[in-house]
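S.K.: The chain contents come next:
2 protein chains.
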Amino acid sequence: MARYTLSDDISNLISDEKWLIFQDKYDNYLNQKYETIFTLTNGYMGVRGTLEEGSNDERPGIFIAGIFDKSEAQVREIVNVQNWLGIKIYAEGNYLDLDKCHILDFKRILDMKRGILFKSILLKDGVGRVTSVEGYRFLSRCNVHRAGIKLYITPVNYSGVLSVENIIDGTVVNSKENPKERTKHLRLIENAKLDEGGCYLETATRDDDTRIGVGSIVRIYDYANKDNVVRFRRFSYLGEKSVEYLEFEASENNPVEVDKFVITYTSRDVSKDKLKEVVTRELYDFASEGMDKELLRHTAVYERLWDVADINIEGDEDADKALRFNIFHLMSSVNANDPMVSIAAKALHGEGYKGHVFWDTEIFMLPFFIYTYPQAARTLLMYRYNMLDAARENALLNGFKGAQYPWESADTGKEETPKWGVDYLGNQVRIWTGDIEHHITADIAFAVYEYYRVTDDIDFMLNYGAEIIFETARFWTSRCEYNEQFDRYEINNVIGPDEFHEHVDNNFYTNYLARWNINKGLELIDFLKEKYPSNYKTISSKICLTDKEIENWKEVMSKIYIPFDRERKLIEQFEGYFEKKDYVIDKFDENNMPIWPEGVDLARLGDTQLVKQADVVMLMVLLGEEFDEEIKRINYEYYKKRTMHKSSLGPSMYAIMGLKVGDYKDAYGSFMRSANVDLEDNQGNTKEGLHAASAGGTWQVAVYGFAGMYIDKDGLLSFTPWLPEKWKKLSYKIYWKGNLLQIIITKDNVTVKMLEGKDEELKVKINGELISIK
Amino acid sequence: MARYTLSDDISNLISDEKWLIFQDKYDNYLNQKYETIFTLTNGYMGVRGTLEEGSNDERPGIFIAGIFDKSEAQVREIVNVQNWLGIKIYAEGNYLDLDKCHILDFKRILDMKRGILFKSILLKDGVGRVTSVEGYRFLSRCNVHRAGIKLYITPVNYSGVLSVENIIDGTVVNSKENPKERTKHLRLIENAKLDEGGCYLETATRDDDTRIGVGSIVRIYDYANKDNVVRFRRFSYLGEKSVEYLEFEASENNPVEVDKFVITYTSRDVSKDKLKEVVTRELYDFASEGMDKELLRHTAVYERLWDVADINIEGDEDADKALRFNIFHLMSSVNANDPMVSIAAKALHGEGYKGHVFWDTEIFMLPFFIYTYPQAARTLLMYRYNMLDAARENALLNGFKGAQYPWESADTGKEETPKWGVDYLGNQVRIWTGDIEHHITADIAFAVYEYYRVTDDIDFMLNYGAEIIFETARFWTSRCEYNEQFDRYEINNVIGPDEFHEHVDNNFYTNYLARWNINKGLELIDFLKEKYPSNYKTISSKICLTDKEIENWKEVMSKIYIPFDRERKLIEQFEGYFEKKDYVIDKFDENNMPIWPEGVDLARLGDTQLVKQADVVMLMVLLGEEFDEEIKRINYEYYKKRTMHKSSLGPSMYAIMGLKVGDYKDAYGSFMRSANVDLEDNQGNTKEGLHAASAGGTWQVAVYGFAGMYIDKDGLLSFTPWLPEKWKKLSYKIYWKGNLLQIIITKDNVTVKMLEGKDEELKVKINGELISIK
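So the sequences go chain by chain: Z and D. Oh and the first sequence: position 352 is 408 in the working numbering, straight run, nothing missing. Oh and the second sequence: position 35 is 91 in the working numbering, straight run, nothing missing.
Check each hint, because a few of them may be wrong.
The list makes no distinction among identical chains, and a pair is therefore deemed to hold if it is satisfied within one copy or across any two copies.
Stated by the list, open to error - Here are the simulated SDA-like pairs of lysine to any residue, each with C-alpha atoms no more than 20 Å apart in a straight line:
#1 K126 with F291
#2 K156 with R115
#3 K668 with K696
#4 K236 with R290
#5 K249 with S127
#6 K156 with K785
#7 K819 with A392
#8 K81 with K332
#9 K156 with Y85
#10 K156 with Y82
#11 K721 with D645
#12 K126 with K236
#13 K328 with V808
These are calculated hints, taken from the structure and not from any lab test.
Kindly generate the complete structure, drawing on both the sequences and the hints.
M.R.: Here is the structure:
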């Protein structure tokens, strides 16, 4: 930290360098990027890294998982709730405005090990007063309703009256910078001074009257003797802002400690009429206990999580830290205790994609949780189970059977994809994904089975998972259209993962995974009938599954059309794709990103063979065991040359597949691109929120790619690693069928150790060789 | 205006140069100064000259006369009500932010003749788009509830989608920049889209539930063919902000016309339950009628007002315009139809002095109205009459009899002076003026009589004025303390006009005017008994005035102690003043303002003979006929050397007295200082609001000083003019006893013409010579 750091109280808290993400300079044009990078979340709530002082060009955001509202917006969106971060500082009556003061020193540090955001700012104001502001904030992972901010304020070259404003700001809106979309989701319920000091601001979502109650109190002490120094305190009701002004004397070079305690509850947590009471009691409990105890409990939780989730890359500090950054945010974003919420495409880090849940969660993020935090993985799948009735309604609404998951899902499980958006040229365009990007329903079934395959969680499968797989299989059977001419079943008018092509027929990814979904349903029926007949009876009776219907599943499944050029061993992304105008990417920008080939009409991308992101390749990653290496290589090479990577979901999947087919050259670059997507803002939209799918993809490249971990046809955990030149060692831990394993990979050796587990002995395959571990 | 001005529609509206106040450059540090200078007011409402676009460092303010609230503030203060000025402009989705765009041209013009504020801005945004925004706003003086803004927006070098946001912002607070005082006086009642388009935002004062309803609608036309061009309209409820977003296509160099109609009513005007209905109906009436008709009616009112109020100074354009600026704002600030409000020290131009009414109104501003707009003068005095009951309560509360007017008055007539403030050194100090600056009660009596003396409005005197004079005389009689030792009545522990000295005894100004007040009461009793015995009976019975009490008045009056050094012919400002440490001012800054003499302790100014503003001299201005020229000269010279002019009230009074005693040297400079106090911001606090007393004082220098107009001992209107070197002619109009007179003064000649009047013949005195005019 800076020169004026209070070493005992702050520096001691900060972890080793490998756990730290730095910001060394204040630049208001980068405020929003850092707000995302420095977001703290405990799964219950996400708090963007907006400065307590307030600044220009900021886009504050505090989001509570599961709190959605529509109002004048196109669709329900995650609500930007009241912002309780505000602590404005005044030196002798003058607001220390970051955008007007001379900033002598500015540093922020995200400590990923402990989930703490530190800062240290040295400011000189217009009349030469130098003030140091240092401290940290955290959002407790132990008691998710608690948040704390501690600041040490030091008048460096003067003595005088300092004052702070403790602010809870309810004027926040969504889409702040876009007047056409800007929406206020809250109305004010109460803005009040609390009896024993502090502010309380309660709001309600406008559509559903979901209440959000936030209480906050500030305590100010002399650093040296811990005496309360506040000599004047004044509460202001400022409409939707609740503000308490606190004034105190401070003398040159003597720090004053400002502790801000914050409590958040919603009517999802407690009943409306108890909300204020609960917040107030918790607030005073927290404040009287002080900040340190909660901070200790918070860091203890992080320690337990990191103990399993951390991956170490020896020999490559950049890769090591970038990967850790992705794991940190992914791991922080889940709430294993709330099965009514999932992780959004931008996690709780921003308003991008409106807080909606896409296939990103099940296909990109879930593997990380399945292997390192199975309880959370189960909770994420429980969200889908809890939305199953809504998915049934969706199917019914669209003329199908079974359960159809929405392309974008919020709190009700209904389709929340906006109908209108803006294309690359800024034109208003109809968005079709909500209508026809149907593969998500198979993606979720795939994820259910993947979870089960890794965890052996039969309880989940019997009570929830099977029902999802059956209802989605049923959806696909009804979704398929019989083509008499070819005696085949087709899935027409869809969008596959590659969204450049809309309204396509027989998308390989969709059709293949739909077939897999129906097939998995059939396998599961046989398995349950044999092993758990009474459970099967319960489920099949609940969903009215008859033997006749099962016969129909078999018929459809066996005749689903899969477009595949057998001679070229080339999979056709969808029927007719090969007839599209063929452009091959041969130029790359300074970041090694594809440049649009000359002559491409951006308004008619659907007429070309250019694709947005992995589609065929994606499927081969998911179901690697079903394709031989030659097919993988041929298709990887064909599609790689045509993939524009206009989604952050692409690079990681190409990296995994590249490593599988021996294209090591680009794998490391793709991995780093994926790992740094937010740290380097290489998609240019980090300010909108975390690229959570890319974070999950990055983990997959490390584990599925470099460590070469996969489950083979016989269900054996297998490793065929390949390490980049400078990597000395790659080590990580996973849960495998209830056992905690440690994997240590060097250039010469792969070690798999059982750290704790239910099995006495376990067989794994390393580079094709069967090994027994204990 | 700028290059892109639409000459037909804007330039034609702009008056001749002598009516115009210019701003030629945008500088955000000067925003608040120009907000005051460019305030528009119609007496009902004041609207600071904040830019429609919004900008940094602005301090918006919209004030409605008579709407006060306390909430967490120290005292009731004028409420900063919802700001309806906002029109944010977006070029192809990008907010044209004045503080981020390159400003190629910026001009604002206040047209004082018509009460219109013009602007012309040429902006280049970050990607090179140049946009011109030109137009004007006005606040109707005809229908005070109507306000209009017209903007012509022209995409100068591009074609594309433009959009505007029509905003009514209810998040406004008082003391925005001072967190210790910052107070929100409004709570939200309704924020709604109006059925036929437009926004409605209703607020209520927090203490009294006084409702303020503002409705606004925007119409957008193609300039060429007047077609409505809006293609998308979206209302947003943003908490306390009501916003309508409107989108349209605009093509290169083709202006689009944006008309914003605004209606304001309060529950002072109509009943709460009718408020929205009245606002809505008026809004649609206004919008369907269009802007031009109201603008014509508005300018017609200004024409009538200027016809009497304008003063022309030939040969000195700067003085001519600066004086006109003061008259413009003074004249605009009164509402002759509302006898429950008066003009505040900062008029309706800012939050300074909290919208409170001081002696500034009766002593500094009222003469202008008495002579040019007697109906308004009567209304201003009716405000004091309507507060008479409160003044009686004040007296009772303080242990006195009769009526005691508060030093600072708001809507209730109770004392509203804050108890605490900040001194020159920034220390918190007790403010005593509300407790002991008692002279205001005599000032008001003085003003009542002055109004009567000029207008002969016997109806006012009989029904209202006499009651004020009697009750204030009664107050003074009870306020005086009998000193047995000297057999005299004293008024101890007061503050005179010079506020450097607190808790003084027998302040000359106070004692002299108190004596005058009692004496005027006695004279009036005799007059009424003789001429209007039945009226006298009514009044004396109403206020229980007995002959015995009248005898006591006589006793007290005759023995009030007046400190006066007969040998030196020097009046002692208060008892013991001459024993204070004597500092004489001998240094002046670059603006010819006094510099603190060396050695003065700013925390102990009361121990010195330095005075803040005219005190003895002030009294001699008010009651000039009671002092001979020698006394005037001696005292003027003595106090001039000791007056620091820390109030803007001083220079004008010294100028008048200087001209009376032949000190012509500094008179012009003092006049210009007074005239330019806001235009040049020479007190450094123009941002807080208009120096309204100084504006009135400036008028007095022109008329009482240079024109040398006064009422002599025999009640004759008299003139002893003196014109500065370069002034060729000074001409103005006044009402004198119901007649409209024109006065034309040149170096050689004084002409007084009767323009219209009730008297066939009138006698006036010019340079001592009695002249008869017809």
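S.K.: If a hint holds in the structure, say so; if it does not, say that too.
M.R.: Status of each hint after checking the structure:
1. K126 with F291: between (32 Å within a copy, 14 Å between copies)
2. K156 with R115: Both ways: K156 and R115 sit 19 Å apart in one copy and 17 Å across, limit 20 Å.
3. K668 with K696: So K668 and K696 pass the 20 Å test inside one copy only (11 Å; across, 83 Å).
4. K236 with R290: between (38 Å within a copy, 7 Å between copies)
5. K249 with S127: between (29 Å within a copy, 13 Å between copies)
6. K156 with K785: The answer is neither: 48 Å in one copy and 50 Å across copies each exceed 20 Å.
7. K819 with A392: neither (30 Å within a copy, 97 Å between copies)
8. K81 with K332: Answer is neither; intra-copy 40 Å and inter-copy 51 Å both fail.
9. K156 with Y85: both (15 Å within a copy, 12 Å between copies)
10. K156 with Y82: Answer is both; intra-copy 12 Å and inter-copy 18 Å each pass.
11. K721 with D645: Within. Shortest intra-copy distance 17 Å satisfies the 20 Å Cα cut-off; inter-copy 76 Å does not.
12. K126 with K236: Cα proximity of K126 and K236: one copy only (14 Å, versus 37 Å across).
13. K328 with V808: neither (51 Å within a copy, 78 Å between copies)
The structure does not agree with the numbered hints 6, 7, 8, 13 stated previously, though it agrees with the rest.
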